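K.L.:
If you want the building blocks of each chain, they are given just below.
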Amino acid sequence: MTPILEARGLSRSFGELRAVDRVSFALAAGEVLALVGENGAGKTTLLNLLLGFYRPDEGEIALDGAVRRWRSPADAEARGLGMVHQHFTLVEPLTVAENVVLGREPRRFGLAGPFDRRRAEREVAEVAEREGLPIDPRGRVAELSVASRQRVEILKVLWRGARVVAFDEPTGALGPAESEALCETVRRLARGGRAVLFVSHKLREVLAVASRVAVLRAGRLVATLDAKGAEPERIARLMVGDASAPPTGLPRPSPGGAASPPPRSRGVDEIVLRLSDAACRDDRGAPALRGVSLALHTGEIVGVAGVDGNGQRELAEVLTGLRPLDAGRLEVEGVDLTFARARELRARGVAHVPEDRLRGGLFGALSVAENLALGSPGPLRRRRLVAEAAAAIRAYDIRPPEPGMRASALSGGNQQKLLLARELGRRPKLVVAVHPTRGLDLNAQALVRARLREAAAGGAAVLLVSFDLDELREIADRIVVLCAGRVTGEAAAREATDGRLGLLMSGAAA
Amino acid sequence: MSELTTLVVSILAFAPPVALAALGGVLSERAGVVNLGLEGIMRFGAFFGAWAALASQSAWVGLSAGALAGGAAGALLAALAIFAEADQIVAGVALNLLALGLVTFLLEWALGAAGGITDPVPALPSLSLGGLGRLPWVAAAAMLLLPALASLLLAKTPLGLRWRAVGENPRAVAAAGVSVRGLRFFAVTASGVAAGLGGALLPLAVLGRFEDRMPAGQGFIALAAVVFGKWSPLGALGAAVFFAGAEALQIEISSSGGALAALVPRGLFLALPYLLTLLALAGFVGRAVPPAADGVPWDPEAR
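Protein sequences appear in the order of chains A and B. The numbering of the first sequence is this note's numbering, which starts it at 1147 and goes up by one. The numbering of the second sequence is this note's numbering, which starts it at 474 and goes up by one.
To be clear, the hints were calculated from the coordinates, so they are not data collected in a lab. Model, not experiment: these values are computed from the prediction. We treat Cβ as the ideally placed atom computed from N, Cα and C, and that holds for glycine. Don't take every hint at face value.
To be verified - Far from chain B, some chain A residues (derived; all Cβ distances over 12 Å):
#1 ARG1201
#2 ALA1224
#3 GLU1244
#4 GLY1259
#5 GLU1299
#6 GLU1377
Claimed, not checked - Here are a few chain B residues that face chain A, going by a calculated C-beta distance under 8 Å:
#7 ALA567
#8 THR630
#9 LEU634
#10 ARG635
#11 ALA645
#12 ALA649
#13 ARG654
#14 ARG686
#15 LYS703
#16 SER705
#17 LEU707
#18 PRO763
#19 ALA765
#20 GLY768
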């Protein structure tokens, strides 16, 4: 089998950092090569080098055996390389077909003619049919679900004739059924003779879809394994590069802090949060919660599972006072806070770890110390801020340990630790955490989970919204499932199988 | 009946400058760049239109010069806002201030105009309507034709598709291998041409000479028309016509005297169009949703 695409000693540095360091591999038609590694291991940079978004400092790229230098992503695209980005690049008010053909629009009457909408729609429908990605080419992207939008992204690449398709963290926002469908699509692309590069954090999924797994660590390709028979534990160990440490262990136990996660236990069985028959609308005015009732006890972690857009965000906003209730009742420690706004809820001990750190949690332009002080009463004294920041930086392993550093200059994982340090440092009664580990590397994920557990062990009730069912099973006591704004079911964490949750998430079991 | 005809005629006479400037605003904002410099661009268009018409003794040369000057001013704004990545609002305001000072200076230095008013300039052809005065049909035709053409361009051509896309999500356009900056530069320059044309109509079709106070806030009225017209070329035309109608009605009422004029302060009629725009913005007269990336500078490195 001759490879379609080859990387030969590719390197790329950003300043002092060698993001990709002499990486070589070959990719053949009909093959799915997974790229795994922690945040900052160089996966995305490598993809960007291969697809012409960056230029390599050293090394070369060969396509069908001939060395190529991409002048631009369009150049790589013209040669049959396509990427399905992690963050979709779609224009919401336009239709599916318009999005797919954007930049290469078919025209009527030759080169100077008007846009041939019908031909665009026909061609998109044909590709969709052929590749098993059913979609209405005339539908507006704004009205599509996340999974359908991703289908549009894939169609964009396929319509442009890609023979090599790269996926960057494609299942980050998908539910289990949708992830499974995506994996099937990926396998189908490979069966059809395309070569696929698949970047993901989720090892289980990687092993289900890939033929080979390439492990990156600190910019280097440290191992390439056959997916068949590869053990997730071994891959995880290769990723973190420490053969002795368990892959989900804490980075370094902080001095004085709890070194090992406390056992799951429910202390005094006291209700912290009681939400009854809550109803609210989303930003567009459509019903988002349709009668949700929940009770959270002290020391308890309750997971919320569901396909994206089924009311999770609105639920978190209702609990933190950011979204008014249309109906129902919200009580924290027996006090009616139905009409309370965020300020009062915070004062009552509700902490919020929002979905989008830099939009809802931190100020990128402010320093670490200033972000930690946000919301705390009293005058800001510089010396005290810095001292408090230094303590939080130690306790949460924020790197680099610079109280004066701008929050936006931290990596995603460290921003999340910073946010957690502030929210959990207030000794909250209720913690509302939305996707707190999304996009983080394994070490940071482990730290976030451990801190949430500690908060629960310290008597807080924790509501954890996540798409990662493994995560929910790992740290939650029970899991409730939201579908179309209703709780469709609940299960103890250890009894919550993928199948059972998937059924509840689809609403079929309700 | 005759009053209605008078109203229609005065709308056709007064609306074109605002309508074309509003079209310019739409062209720019649909591509994601707020053109706050419409007022200044109209001023450049009006001045250079009048100057060229006086020098050549041809209204058509004047019109072309106005469009050209507008295009140049648009390109300057685009260069500042897109390539130098200046704040779009600040760049637009700077352009307005530049036009204010530079034109006043040129008016004295180049034309030696006494009292800030030029000699009468050659007028674009107009149609005699007997007792109703004359209708400058070129301006009226441009007002009706250009928004229709722009509408077709946006809706029916590949360029129009990219134009709309770049105002909503420039990243998608960049990912499709199209230059975001090139597209936006073109759009803002085209916006300048339209607003420059609108400005040139002030001396060449409406007042018959250039005055230092031109365009007297019409560029800002055009900005309001963009919003009131919901960022569509034909909507902006409708808004401009509506504003001109309110203006004509106010002149009619205050000049004809009568009980109403005595009762209602004139200023109230003057303020009516803008009051309606505020209401429109507040969502009472249908929802006004700007393009998603309107006013957001394109930063290819941002994530």
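K.L.:
A separate judgement is required for each hint: does it hold in the structure or not?
P.N.:
Verification of the hints:
The non-interface label for ARG1201/A is consistent with chain B: the shortest C-beta to C-beta separation is roughly 14 Å, beyond 12 Å. Non-interface status of ALA1224/A relative to chain B is broken: a Cβ of that chain comes within 12 Å, the nearest being about 8 Å off. Listed as a non-interface residue, GLU1244/A fails to keep its Cβ farther than 12 Å from every Cβ of chain B; the least gap is roughly 6 Å. Listed as a non-interface residue, GLY1259/A fails to keep its Cβ farther than 12 Å from every Cβ of chain B; the least gap is roughly 9 Å.
Against the 12 Å criterion, GLU1299/A falls within the reach of chain B, whose nearest CB is about 9 Å from its own CB. No beta-carbon of chain B comes within 12 Å of the beta-carbon of GLU1377/A; the shortest separation is about 34 Å. The interface hint given for ALA567/B is violated, since its Cβ lies 25 Å from the closest Cβ of chain A, which is over the 8 Å cut-off. With a least beta-carbon distance of about 5 Å to chain A, the hint placing THR630/B at the interface is held under the 8 Å criterion.
Annotation: LEU634/B was flagged as interfacial toward chain A, and the flag holds, the nearest CB pair being 6 Å apart, inside 8 Å. A hinted interface residue such as ARG635/B counts as satisfied when its beta carbon comes closer than 8 Å to some beta carbon of chain A; here the least separation is about 7 Å, so the hint holds. Given the 8 Å rule on beta carbons, the hint for ALA645/B holds: about 4 Å separates it from the nearest Cβ of chain A. With a cut of 8 Å, the hint placing ALA649/B at the interface with chain A holds, because the nearest CB-to-CB distance is about 3 Å.
The restraint placing ARG654/B at the interface with chain A is violated, with a minimum CB-CB distance near 14 Å, outside the 8 Å limit. Interface hint status for ARG686/B: violated, as the beta-carbon distance to the closest one in chain A is roughly 40 Å, over 8 Å. Proximity of LYS703/B to chain A is violated relative to the hint, the smallest CB-CB distance being about 13 Å (cut-off 8 Å). Of the supplied interface hints, the one on SER705/B is violated, with its beta-carbon coming no nearer than about 12 Å to a beta-carbon of chain A, more than 8 Å.
Taken as an interface hint, LEU707/B does not check out: its beta carbon lies about 17 Å from the nearest beta carbon of chain A, beyond 8 Å. A distance limit of 8 Å between C-beta atoms decides the matter here; for PRO763/B the minimum to chain A is near 12 Å, and the interface restraint is violated. About 7 Å separates the beta-carbon of ALA765/B from the nearest beta-carbon of chain A, less than 8 Å, and the hint is met. For GLY768/B, the interface hint is violated, since its Cβ never comes within 8 Å of a Cβ in chain A; the closest pair sits about 17 Å apart.
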